[in-house]
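Work the whole structure out from these sequences, hints included.
Top to bottom, those sequences are chains A and B. With positions in the first sequence counted from 1, the corresponding number in my numbering is that position plus 18. With positions in the second sequence counted from 1, the corresponding number in my numbering is that position plus 3.
Just so you know, these hints were derived from the structure itself, not from any lab. Treat the hints with caution; some may be incorrect.
[Unchecked claim] Label-pair distances were calculated between CB atoms; the ranges are:
id : chain 1 : residue 1 : chain 2 : residue 2 : range
1  : A       : K215      : B       : A129      : 44 to 52 Å
2  : A       : K216      : B       : G42       : 43 to 51 Å
3  : A       : R217      : B       : N248      : 49 to 57 Å
4  : B       : K57       : A       : L153      : 15 to 23 Å
5  : A       : A168      : B       : R210      : 45 to 53 Å
6  : A       : S93       : B       : A129      : 24 to 32 Å
7  : B       : V166      : A       : L104      : 22 to 30 Å
8  : A       : L109      : B       : E216      : 18 to 26 Å
[Unchecked claim] Over 12 Å on every C-beta distance to chain A, these chain B residues come out as not near it, computed from the model:
id : residue
9  : G42
10 : G235
11 : E268
Remember, predicted model here, so these are calculated numbers, not experimental data. We put the beta carbon where it would ideally sit given N, CA and C, even for glycine.
The residues making up each chain are set out below.
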Amino acid sequence: MKGLLLKDFYVMKRELRAFLFIIVFFTAFSFVGENNSFFMFYGLIMLPIVNISLISYDERSHWDSFLETTPVSRSTAVTEKYLLNLLLLLLWSPVVLAVYLIQAANLGSPVQAVCICIYMALFFPAIIYPFIFALGSEKGRFAYFIFIFAAMAIVAAGVSLMDQGAFVIPANLSLILLLPPIAAYLISWRISVALYKKRAL
Amino acid sequence: MSNAIETKALTKHFKDFSLDSLDLELPEGCILGLIGENGAGKTTAIKLLLGILKADSGSAKVLGRNVGPDMGDVKEEIGVVLDEPGLPEKLTVRQLGRIMPSIYKSWSREDFAAYIRRLELPEDKAYKDFSRGMKMKLGLALALSHKPRLLLLDEATSGLDPVVRDSVTDLLLDFTRDAGHSVLISSHIVSDLEKLCDYIAFLHKGRLMLLEEKDTLLEEYGLLQCSAEEAGAIDPSAVIGRRDNPYGCRLIVRKDALPRGSVTEAVSIEELFIFMVKEDKK
Chain A
19 MKGLLLKDFY
29 VMKRELRAFL
39 FIIVFFTAFS
49 FVGENNSFFM
59 FYGLIMLPIV
69 NISLISYDER
79 SHWDSFLETT
89 PVSRSTAVTE
99 KYLLNLLLLL
109 LWSPVVLAVY
119 LIQAANLGSP
129 VQAVCICIYM
139 ALFFPAIIYP
149 FIFALGSEKG
159 RFAYFIFIFA
169 AMAIVAAGVS
179 LMDQGAFVIP
189 ANLSLILLLP
199 PIAAYLISWR
209 ISVALYKKRA
219 L
Chain B
4 MSNAIETKAL
14 TKHFKDFSLD
24 SLDLELPEGC
34 ILGLIGENGA
44 GKTTAIKLLL
54 GILKADSGSA
64 KVLGRNVGPD
74 MGDVKEEIGV
84 VLDEPGLPEK
94 LTVRQLGRIM
104 PSIYKSWSRE
114 DFAAYIRRLE
124 LPEDKAYKDF
134 SRGMKMKLGL
144 ALALSHKPRL
154 LLLDEATSGL
164 DPVVRDSVTD
174 LLLDFTRDAG
184 HSVLISSHIV
194 SDLEKLCDYI
204 AFLHKGRLML
214 LEEKDTLLEE
224 YGLLQCSAEE
234 AGAIDPSAVI
244 GRRDNPYGCR
254 LIVRKDALPR
264 GSVTEAVSIE
274 ELFIFMVKED
284 KK
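Here's what the structure looks like:
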């Protein structure tokens with residue numbers, strides 16, 4: 019597992035600089051003008067896409083076939099990608115939280131920001147990843163585009179409501195609200211493992 | 004002597020191709036060359052041995068254990084080099100050297116460093132900038148550095164220049180100096196395998212045509228040049244393959260079935276393979 023994560027961090031460092039630059043740029047862009055808090059959460063939409071890009075790189079370089087020749091099981095290969103998504107969330111969430119505290123105090127409590135982070139980083143990949151592991155990143159791209167479209171629309175709508183003060187998550191309810199995305203993520207992981215085990219490589 | 008690889012009637016059907024009832028045996032400590040033209044089923048056979056593909060029928064054992072979905076422990080003891088080694092393009096040798104110890108329990112940093120030095124591979128150059136020969140050499144270094152007992156090489160020498168092929172041959176010969184080490188190497192370049200192998204298997208259109216000790220093959224079969232009339236007098240069961248030309252015939256024959264006093268020339272494995280495949284196509 020550690021080796022797989024290390025490999026993905028090396029690949030991200032060398033191949034996905036553009037992605038990381040875009041994430042930083044849009045987060046910074048949220049400081050410009052008014053009602054741009056949508057861009058604050060942009061990075062959280064992009065993180066699962068970074069992960070999908072890594073899966074795509076694996077397929078293109080035949081790393082997935084290489085792993086089949088090693089003691090690494092398919093279950094471990096899938097688990098690593100789910101874990102990597104959580105690690106990226108863990109690394110990026112403090113940035114989102116900091117930006118939120120600096121510029122969006124009028125949007126509600128920081129608990130809301132954490133809640134949004136968890137939803138962004140868990141719920142959408144929970145839907146998209148089983149398609150990717152079942153069909154491969156190329157064929158799964160259709161689901162990927164639906165994901166992008168849905169994610170953008172939901173985030174834009176949600177942030178717009180928050181900007182207008184029409185949508186405020188009560189702080190004491192926020193933690194309960196985290197359960198659905200966490201449950202969805204765990205179920206998605208089990209489904210992806212089962213589907214990837216059946217896939218012909 | 005136990006077998007490193009043993010398959011019985013191993014069969015896999017695809018839409019447009021079948022690997023049909025493959026019976027292979029590779030005794031421990033030996034090198035088996037799996038020879039076949041492109042699309043003969045060599046890669047399918049290797050994928051079945053690794054459990055990457057699931058057989059439709061038949062059975063396979065690798066290092067004494069049944070091939071199945073949970074082969075993690077067995078794979079600790081197998082080194083594999085596929086036609087495309089499958090490494091991320093921008094990674095360097097140094098980075099791979101940091102990744103691999105957590106993939107193989109028995110990974111040896113010292114062995115890996117020694118192979119990299121011996122094969123003269125640059126440590127900080129991206130994999131994508133490697134030549135085909137360098138990629139294959141790196142694949143071999145990775146396959147050998149976790150102290151495997153069995154090497155499975157799929158077209159690992161194809162497309163390599165003679166100097167690289169020679170260093171690969173040396174590595175494999177060094178590896179099999181240990182009596183417990185075995186190699187299955189597939190190729191469509193027969194001359195490479197002729198130098199290396201103890202056993203030769205011919206695979207043609209998904210069917211095993213022959214599996215024999217190399218020395219026995221070279222002793223048993225001969226090349227006979229004769230006239231068409233003389234060829235007609237030979238027992239047909241002794242003739243493995245035949246080519247006619249304006250000056251007569253070239254026959255690959257089983258020496259023991261020829262009349263006493265018949266003079267044959269030595270036959271190469273490559274000639275034997277080509278004659279057998281062409282005879283099969285008739």
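Violated hints - listed by number, lowest first:
The structure breaks hints 1, 2, 7, 8; every other hint is satisfied.
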